[in-house]
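Participant: Spelled out from the first residue to the last, the chains are:
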Amino acid sequence: MQTELNTETIKQMKQRKWKRWNIHLFPIPALVIYGLFIVYPLLAALSYSFFDWKGIKRGAFIGFDNYKDLFTLEPFSSMFWNAFWHNVLYFIVQMVVQNGLAFLLAFIIYQKIRGAEFFKIAYFLPRLLSVIVVGFLWKLIFNPNFGALNVLLGKFGLESLQEAWLGNTKTALMAIILVNCWFGLGFSVLIFLAGFQSIPRELIEAAKLDGANGFKMLTKILLPLMVPSIMIITVLTFIQSFEAFELVYAMQGSQGEPYRSTDTLAVYFYRLAFGGSSGDSTAIGLGSALAVVLFIFISTFTAILLKMMKKKEIEM
Amino acid sequence: MKKTGKIWLFGLFSILLIFASACSKDTGSSEKPEKTDEGTKETVTLSIGSWRTEDTAGYAKVIEAFNKQYPDIKVEFKPSKNTEYNTILNTALQSGEGPDIFHLRPYAPGIALADAGYIEPLDGLEGLDAFPETALAASKGSDGKQYGVPLNMSTTQMFYNKKIFSDLGLEVPKTWDEFIALNEKIKKEGIIPIALGTKEGWLLSAAHGIIGPAHYGGNDFVEKITKGETDFKSAEFVNSIKAMDELKAYFPDNYEGLGMEDIRTLFFTGKAAMFPMGSWEIEVLRSMNPDLELGFFPMPSAVGKDATITAWVDGSFAVNANSKHKEEAKKFLQFLTTKEFGEPFTKEFKMISANPEVKSDDELVNSLSEAVSKISTPYMMVVYFAGGNPTSKATLELELQGMYLGQQTPEGVAGKVQENAETWYKPFQ
Numbered sequence: 001m002q003t004e005l006n007t008e009t010i011k012q013m014k015q016r017k018w019k020r021w022n023i024h025l026f027p028i029p030a031l032v033i034y035g036l037f038i039v040y041p042l043l044a045a046l047s048y049s050f051f052d053w054k055g056i057k058r059g060a061f062i063g064f065d066n067y068k069d070l071f072t073l074e075p076f077s078s079m080f081w082n083a084f085w086h087n088v089l090y091f092i093v094q095m096v097v098q099n100g101l102a103f104l105l106a107f108i109i110y111q112k113i114r115g116a117e118f119f120k121i122a123y124f125l126p127r128l129l130s131v132i133v134v135g136f137l138w139k140l141i142f143n144p145n146f147g148a149l150n151v152l153l154g155k156f157g158l159e160s161l162q163e164a165w166l167g168n169t170k171t172a173l174m175a176i177i178l179v180n181c182w183f184g185l186g187f188s189v190l191i192f193l194a195g196f197q198s199i200p201r202e203l204i205e206a207a208k209l210d211g212a213n214g215f216k217m218l219t220k221i222l223l224p225l226m227v228p229s230i231m232i233i234t235v236l237t238f239i240q241s242f243e244a245f246e247l248v249y250a251m252q253g254s255q256g257e258p259y260r261s262t263d264t265l266a267v268y269f270y271r272l273a274f275g276g277s278s279g280d281s282t283a284i285g286l287g288s289a290l291a292v293v294l295f296i297f298i299s300t301f302t303a304i305l306l307k308m309m310k311k312k313e314i315e316m
Numbered sequence: 001m002k003k004t005g006k007i008w009l010f011g012l013f014s015i016l017l018i019f020a021s022a023c024s025k026d027t028g029s030s031e032k033p034e035k036t037d038e039g040t041k042e043t044v045t046l047s048i049g050s051w052r053t054e055d056t057a058g059y060a061k062v063i064e065a066f067n068k069q070y071p072d073i074k075v076e077f078k079p080s081k082n083t084e085y086n087t088i089l090n091t092a093l094q095s096g097e098g099p100d101i102f103h104l105r106p107y108a109p110g111i112a113l114a115d116a117g118y119i120e121p122l123d124g125l126e127g128l129d130a131f132p133e134t135a136l137a138a139s140k141g142s143d144g145k146q147y148g149v150p151l152n153m154s155t156t157q158m159f160y161n162k163k164i165f166s167d168l169g170l171e172v173p174k175t176w177d178e179f180i181a182l183n184e185k186i187k188k189e190g191i192i193p194i195a196l197g198t199k200e201g202w203l204l205s206a207a208h209g210i211i212g213p214a215h216y217g218g219n220d221f222v223e224k225i226t227k228g229e230t231d232f233k234s235a236e237f238v239n240s241i242k243a244m245d246e247l248k249a250y251f252p253d254n255y256e257g258l259g260m261e262d263i264r265t266l267f268f269t270g271k272a273a274m275f276p277m278g279s280w281e282i283e284v285l286r287s288m289n290p291d292l293e294l295g296f297f298p299m300p301s302a303v304g305k306d307a308t309i310t311a312w313v314d315g316s317f318a319v320n321a322n323s324k325h326k327e328e329a330k331k332f333l334q335f336l337t338t339k340e341f342g343e344p345f346t347k348e349f350k351m352i353s354a355n356p357e358v359k360s361d362d363e364l365v366n367s368l369s370e371a372v373s374k375i376s377t378p379y380m381m382v383v384y385f386a387g388g389n390p391t392s393k394a395t396l397e398l399e400l401q402g403m404y405l406g407q408q409t410p411e412g413v414a415g416k417v418q419e420n421a422e423t424w425y426k427p428f429q
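Residue numbers (full-length UniProt numbering), protein chains in the order written: chain A, 1 to 316; chain B, 1 to 429.
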């Protein structure tokens, strides 16, 4: 009897111990997938960037030479900075045009205007299209000789404004960024709208009783309360604009045509890592170095932005 | 409870295994995958990798002809998308896999694969001597060994709309001045003289490949520059860039925004009279407009030399050094050198065979083929200057684009190309 009880408790203890150990197993599948698809490629890119590559064959370990070439050797260094400033412009224009407009639209929809639901969906609609399709459609619209934009300008007698929109270094990049704004507008509207809707009604009513009118209400009450949404949008836009690739590739190919005026860091990376469309050889070492630089830059800035966001939240 | 734990462990270890195998592949270990079913000894299956997805039906017929001679060798044509082919092939070769036979890009990119040891040398392969040295050069390794069987030649030349020419009473130009006068006449009639746009860089190097030789003086210049006796900053080459600049007066409106689709449409709809383009477009143009009266003329020289057709090898077939069936693969390649292959090939694909003895039944292709054997000049940027990173060819494309946008001078274009070529081209070093 005694021994039986003993073995029973030992068994139970063992089982409990196993159970406790067992729990630690559960995150492992997720960790393995994360490791396989995120950590491993990152580390692989990091290691590739320290080697000399002959086409697709790995050569000698060369330390930081690829990084040095990326920033000092022509034409790589000028291509880097050229693309970098295009990304900066991408970010600024998207912040001002896409997110500025989205904020206003969300504010208007928040006022419970007639057909608010309709507008919400209408603005979000482009987002449902594939980026490649969006690029294709706008490429047709921008076509200089039969595209809708130039035809429309002609109909209004504005022939002087007609342009080869995507073939001109002055207009090509801006055209692509504005298409991206058109594409991303609906998403920003949704985020801002959710931000507005999460502001407690009592607060607004109290402000109204205290005499806050439309403009004052917006700047003194709503805007500070919207800081979390604005920060989220800023972070997302930052990441998206520094990774800008699909639309540029769909509309202009991998050479940043015309005359590198639409080159972005991600397109430049593509050209280095996969070879350009005109039979360029691959430069896996340089490409990996660029990928690492891009990753460090984006993650550092995102971390800074997130920290700023936390601070603002506490102040509130 | 215990049972589920075991299942978890099993699942976990199988995932770890996948992870480990993925890692080992990358480090380039020589571990081969476990034996796969190689089939019985009588029949061997060869796979062919290619970028010509559009030729799948044509290759089925080629393979059928091959099987009449070798019924025991099964051949599968497995093409991938043109723009993705290099990446797919390179990745496969790097991990010791890939098709037994593959379509090899001509000149520098293909030779790089041979130099890296991924291709089986073909020296002594019966039938190779049917090809001229210029065709073999496209897949000759740096070690002087032959790595590929050249398949077809591509040409670039000025196509023209015969109907527009006869309606306006125009003749094919014999000199550069006649060519310019012809452009003027066509322009006055309200027709676009030359269908060319500058939005896509490759169109510009292709056009320069046609127009350039008329100014730098064809093969003599090519011979000198490949020996390092002259360079891109020379007056001859700068003049060829200036000529490109001069011709923009005869391009369509808004040419800086026009790409391949636009200019092709302008030409086959009869809105433009001439189209500087490659032989691969013949079939496309005819299918877009079956009534198009298509002709071509060699580019008349501006410096008193012969008119030229620009020609180069477009692709070769090579044997994977890691193939398990090299002997059978070589038999297929040997078949590619024969007339039994060449004639149905030119018929099916409307291409110019790299084997000069093979004739086509298409009049235009035949006269092109004849012109190639008499007055051809190489597409210099593809044949000799497709190396470097970015390539000298890509540099020329970029800078020409800048020139057409008013941001670069002809001298500047030549200077940039020279600067780039000096970074890698041995005769310049």
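In case anyone wonders, no lab produced these hints; they're calculated from the structure.
Any given hint might turn out to be false.
[To be verified] Calculated pairs, DMTMM-like style, for lysine to aspartate or glutamate (alpha carbon to alpha carbon, straight line, at most 25 Å):
1. 426/B <-> 52/A
2. 57/A <-> 245/B
3. 155/A <-> 253/B
4. 170/A <-> 245/B
5. 57/A <-> 115/B
Participant: Evaluate each hint against the coordinates.
Facilitator: Here is how each hint holds up against the structure:
no.	hint	in the structure
1	426/B <-> 52/A	holds (20 Å)
2	57/A <-> 245/B	violated (40 Å)
3	155/A <-> 253/B	holds (18 Å)
4	170/A <-> 245/B	holds (20 Å)
5	57/A <-> 115/B	holds (11 Å)
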